[in-house]
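**Student:** Going down the list, the protein sequences come from chains A and B. Add 618 to the 1-based position in the first sequence for the working numbering, that's all there is to it. Add 8 to the 1-based position in the second sequence for the working numbering, that's all there is to it.
Some hints here could point you the wrong way.
Pairwise CB distance ranges, derived in the manner of DEER restraints [to be verified]:
{"hint": "1", "chain 1": "A", "residue 1": "Gly739", "chain 2": "B", "residue 2": "Tyr180", "range": "44 to 52 Å"}
{"hint": "2", "chain 1": "B", "residue 1": "Ser163", "chain 2": "A", "residue 2": "Asp746", "range": "32 to 40 Å"}
{"hint": "3", "chain 1": "A", "residue 1": "Pro689", "chain 2": "B", "residue 2": "Met190", "range": "23 to 31 Å"}
{"hint": "4", "chain 1": "A", "residue 1": "Glu763", "chain 2": "B", "residue 2": "Leu213", "range": "50 to 58 Å"}
{"hint": "5", "chain 1": "A", "residue 1": "Asn836", "chain 2": "B", "residue 2": "Ser163", "range": "21 to 29 Å"}
As a list, the in silico DSS-like pairs of lysine-lysine whose alpha-carbon atoms are at most 27 Å apart [claimed, not checked]:
{"hint": "6", "chain 1": "A", "residue 1": "Lys737", "chain 2": "A", "residue 2": "Lys760"}
{"hint": "7", "chain 1": "A", "residue 1": "Lys760", "chain 2": "A", "residue 2": "Lys741"}
{"hint": "8", "chain 1": "A", "residue 1": "Lys760", "chain 2": "A", "residue 2": "Lys704"}
{"hint": "9", "chain 1": "A", "residue 1": "Lys704", "chain 2": "B", "residue 2": "Lys54"}
{"hint": "10", "chain 1": "A", "residue 1": "Lys794", "chain 2": "A", "residue 2": "Lys908"}
{"hint": "11", "chain 1": "A", "residue 1": "Lys737", "chain 2": "A", "residue 2": "Lys702"}
{"hint": "12", "chain 1": "A", "residue 1": "Lys737", "chain 2": "B", "residue 2": "Lys54"}
{"hint": "13", "chain 1": "A", "residue 1": "Lys760", "chain 2": "A", "residue 2": "Lys702"}
{"hint": "14", "chain 1": "A", "residue 1": "Lys704", "chain 2": "A", "residue 2": "Lys741"}
{"hint": "15", "chain 1": "B", "residue 1": "Lys10", "chain 2": "A", "residue 2": "Lys702"}
{"hint": "16", "chain 1": "A", "residue 1": "Lys741", "chain 2": "B", "residue 2": "Lys54"}
{"hint": "17", "chain 1": "A", "residue 1": "Lys704", "chain 2": "A", "residue 2": "Lys737"}
Just so you know, the hints here were simulated from the structure itself, not pulled from any lab data. The beta carbon of each residue, even a glycine, is placed where N, CA and C say it ideally should be.
Below are the chains, spelled out letter by letter.
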Amino acid sequence: MRSARHMSRRPIRRLHVAALMTCLSALFTSAADAQARPQRIVSMNLCTDELLMRIVDPSRIASITYLSQQPINAPLGLDAVASKLKVNHGLAEEVLMQEPDLILAGRFTSATAVNLLRKIGYKIIVFDPESTLDDMRANIRKLGEAVGEAARAETIIADFDNRLTALQAQIPPGEKPVFADVGVNNFIAGENTLYTHVVNASGYRTLGQALGFSGFRNVPLEEILSTRPALISTATPWTSPPSMSTMALRHPALRAIVENTPQVSIPERYTTCGAPSLLGAVEILVAARKTNG
Amino acid sequence: MKPPVPYPLLIAGLAVFVVALAFLSMIVGPATAGTFELFDMMAHEKADVAWMIMREVRLPRTALALLVGMTLGLAGAALQGFLRNPLADPGIVGVSPAASLGAVLALYTGLSTAIPLALPLMGILGALLCALLLHGLARRGGVLTLVLAGVAVSSLCAALMSLALNLSPNPYAAAEIMFWLMGSVTDRSMDHLLLAGPLMALGWLILAASARSLDALSLGEEAAAGLGVNLARTRTLVITGTAISVGAGTAVTGGIGFIGLVVPHILRPLVGHTPSRLLLASALGGGALLLAADILVRVVMFGSELKLGVLTALIGAPFFLWLIFRARTELES
Numbered sequence: 619m620r621s622a623r624h625m626s627r628r629p630i631r632r633l634h635v636a637a638l639m640t641c642l643s644a645l646f647t648s649a650a651d652a653q654a655r656p657q658r659i660v661s662m663n664l665c666t667d668e669l670l671m672r673i674v675d676p677s678r679i680a681s682i683t684y685l686s687q688q689p690i691n692a693p694l695g696l697d698a699v700a701s702k703l704k705v706n707h708g709l710a711e712e713v714l715m716q717e718p719d720l721i722l723a724g725r726f727t728s729a730t731a732v733n734l735l736r737k738i739g740y741k742i743i744v745f746d747p748e749s750t751l752d753d754m755r756a757n758i759r760k761l762g763e764a765v766g767e768a769a770r771a772e773t774i775i776a777d778f779d780n781r782l783t784a785l786q787a788q789i790p791p792g793e794k795p796v797f798a799d800v801g802v803n804n805f806i807a808g809e810n811t812l813y814t815h816v817v818n819a820s821g822y823r824t825l826g827q828a829l830g831f832s833g834f835r836n837v838p839l840e841e842i843l844s845t846r847p848a849l850i851s852t853a854t855p856w857t858s859p860p861s862m863s864t865m866a867l868r869h870p871a872l873r874a875i876v877e878n879t880p881q882v883s884i885p886e887r888y889t890t891c892g893a894p895s896l897l898g899a900v901e902i903l904v905a906a907r908k909t910n911g
Numbered sequence: 009m010k011p012p013v014p015y016p017l018l019i020a021g022l023a024v025f026v027v028a029l030a031f032l033s034m035i036v037g038p039a040t041a042g043t044f045e046l047f048d049m050m051a052h053e054k055a056d057v058a059w060m061i062m063r064e065v066r067l068p069r070t071a072l073a074l075l076v077g078m079t080l081g082l083a084g085a086a087l088q089g090f091l092r093n094p095l096a097d098p099g100i101v102g103v104s105p106a107a108s109l110g111a112v113l114a115l116y117t118g119l120s121t122a123i124p125l126a127l128p129l130m131g132i133l134g135a136l137l138c139a140l141l142l143h144g145l146a147r148r149g150g151v152l153t154l155v156l157a158g159v160a161v162s163s164l165c166a167a168l169m170s171l172a173l174n175l176s177p178n179p180y181a182a183a184e185i186m187f188w189l190m191g192s193v194t195d196r197s198m199d200h201l202l203l204a205g206p207l208m209a210l211g212w213l214i215l216a217a218s219a220r221s222l223d224a225l226s227l228g229e230e231a232a233a234g235l236g237v238n239l240a241r242t243r244t245l246v247i248t249g250t251a252i253s254v255g256a257g258t259a260v261t262g263g264i265g266f267i268g269l270v271v272p273h274i275l276r277p278l279v280g281h282t283p284s285r286l287l288l289a290s291a292l293g294g295g296a297l298l299l300a301a302d303i304l305v306r307v308v309m310f311g312s313e314l315k316l317g318v319l320t321a322l323i324g325a326p327f328f329l330w331l332i333f334r335a336r337t338e339l340e341s
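All chains, please: the whole structure from these sequences, using the hints.
**Tutor:** Here you go:
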């Protein structure tokens, strides 16, 4: 009886060893594969969400931020992809449960969670906000290399540049007229901002450039009224839900200008991030330039 | 005055309550991650991840909510006892605003992105500077001078924080400062706990050393002096203890209001209005209240997580009004 049991155990043990070997080799190959090309990527920033969704296959994305699923923030043309992905709210616990092999974060988002995750030992790549189109191209390349898709990143940059060149070819010649975006709190873009680079690329100057300052600035209504913009944008998603920013728009003095100036509405989601969604803004501005000269 | 509950029973009851809440805090996860998801993971093959979350995320969070809550309750009770003013709390003497200012400067200058622990360290520095300033200002004056000096320091710190927000060149950095000021224990690490924990404990010891004098002070300054209480020594103990413990706590969590104000008020009748007994009771009560608030923050999710400081103020302020209203009707009837 004892010997019979002994006999019967042997092949089982051998089987165990074989199974273990298979498991181990599978583990090693998948680990090596994951090292080169992360398979469970978490993005904790709205802007890295968009770049990630454009660069890798959705099957490799463990989660994106909940913001990317909101209509107000949804990146251009990615709604179908975003709606199928899992989301995070920038909490370390959620991210840990998704067992990421790579975490992408923004410089200013969820800093405590990012510090904690880094301390635990997760691989985190931090992206700075873009203030030029070249910053955007650099971030696309950086993300492409991080996920092992350098070639795909180059394709995306090339597609962006081709589309931009095609749009720019439609801009009528002549000096760039002033485009005034007074939508958000009189918070106006001057030189050296991504917003201004996009507006310039679309054949306009920003109000901030006309007033001659750099960076973003809260401009008093008086100064806004002293300029004569050729195009105006007042409607942004911030007009609903209501915010203080819309108060300026109801000022009678501004209303007079608004009524006599051509208007466009550029959704905030086209200009928040240095990402291909910017083309949405360029399209709107170029179309306005074509109709209004 | 005879307390309605025997003191040992009250302390034991509060301690059981605190332990139960700490246990609950370890169990409950953020609603967006699935409140009890972790136990699913433990039952299946992902036990190591689940334990790591327990150890590295929930443990420091729970410990900090408990310790900071205890600190705020204790410091509030000590200050109310020393100043014999029911409105006193660590915010009024300027300690927590000064700690917040230190932290805001770390955020504003970008020091906190370069060195992760720069933020709490600057916060602690701010609180200590505030304590030094208060010592200098209140050395010659009495209790009133101390309160007024505290109010002035508070306002100055608030103004400087607004200035930092005002001049912030980057809307993202400004938003980061604003969110930090709302107060939270979410995603703090063991590093934060190891940095603030020992300092909070040191502050508690200093505050506890003032207990006897606080009892004597409830009879009035002159009577206390007659009983051999050294007012200057008591003031030094209360200010230093508050600055070290509340400064360390605020530096890690941001501003969390109303606990230091409300908790001593709730518990004062239960300890028979004895200031020394109120210290331990308020510490336990503060710990329980902040743990409960932090659990609530995880369960109630509106898109993103509600900040702890916002919740304590939302619950604390109406409750405080009710307390005042009740006290008034008692006094007038």
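**Student:** Return holds or violated for the Cβ distance of serine 163/B and aspartate 746/A against the range 32 to 40 Å.
**Tutor:** With a Cβ separation near 36 Å, serine 163/B and aspartate 746/A satisfy 32 to 40 Å, so the hint holds.
**Student:** Do the alpha carbons of lysine 10/B and lysine 702/A lie within 27 Å of each other, as the hint requires?
**Tutor:** The hint is violated at about 64 Å.
**Student:** Sort out whether lysine 741/A lies within 27 Å of lysine 704/A, counting only the CA atoms.
**Tutor:** Answer holds: lysine 704/A to lysine 741/A is near 20 Å, not above 27 Å.
**Student:** Holds or violated: lysine 760/A with lysine 702/A, Cα cutoff 27 Å?
**Tutor:** The given pair, whose Cα atoms are some 25 Å apart, holds under the 27 Å limit.
**Student:** Do the alpha carbons of lysine 737/A and lysine 702/A lie within 27 Å of each other, as the hint requires?
**Tutor:** violated (30 Å)
**Student:** Given the hint that lysine 737/A pairs with lysine 760/A, test it: the Cα-Cα distance must not exceed 27 Å.
**Tutor:** holds (22 Å)
**Student:** Should the hint that asparagine 836/A and serine 163/B are 21 to 29 Å apart at their CB atoms be regarded as holding?
**Tutor:** For asparagine 836/A and serine 163/B the Cβ distance comes to about 24 Å; the hint holds.
**Student:** Would you check the hint for lysine 741/A and lysine 54/B, treating anything up to 27 Å between C-alpha atoms as holding?
**Tutor:** holds (20 Å)
**Student:** Holds or violated: the 50 to 58 Å window for the beta-carbon distance between glutamate 763/A and leucine 213/B?
**Tutor:** For glutamate 763/A and leucine 213/B the Cβ distance comes to about 53 Å; the hint holds.
**Student:** If you check the beta carbons of glycine 739/A and tyrosine 180/B, does the distance land in 44 to 52 Å?
**Tutor:** Once the Cβ atoms are compared, 27 Å apart, the range 44 to 52 Å for tyrosine 180/B and glycine 739/A is violated.
**Student:** Within a Cα-Cα threshold of 27 Å, do lysine 704/A and lysine 54/B meet the stated pairing?
**Tutor:** holds (19 Å)
**Student:** Taking 23 to 31 Å as the stated bounds, is the beta-carbon spacing between proline 689/A and methionine 190/B within them?
**Tutor:** About 26 Å separates the Cβ atoms of proline 689/A and methionine 190/B, which means 23 to 31 Å holds.
Violation of the numbered hints given earlier is confined to hints 1, 11, 15; the remaining hints are satisfied by the structure.
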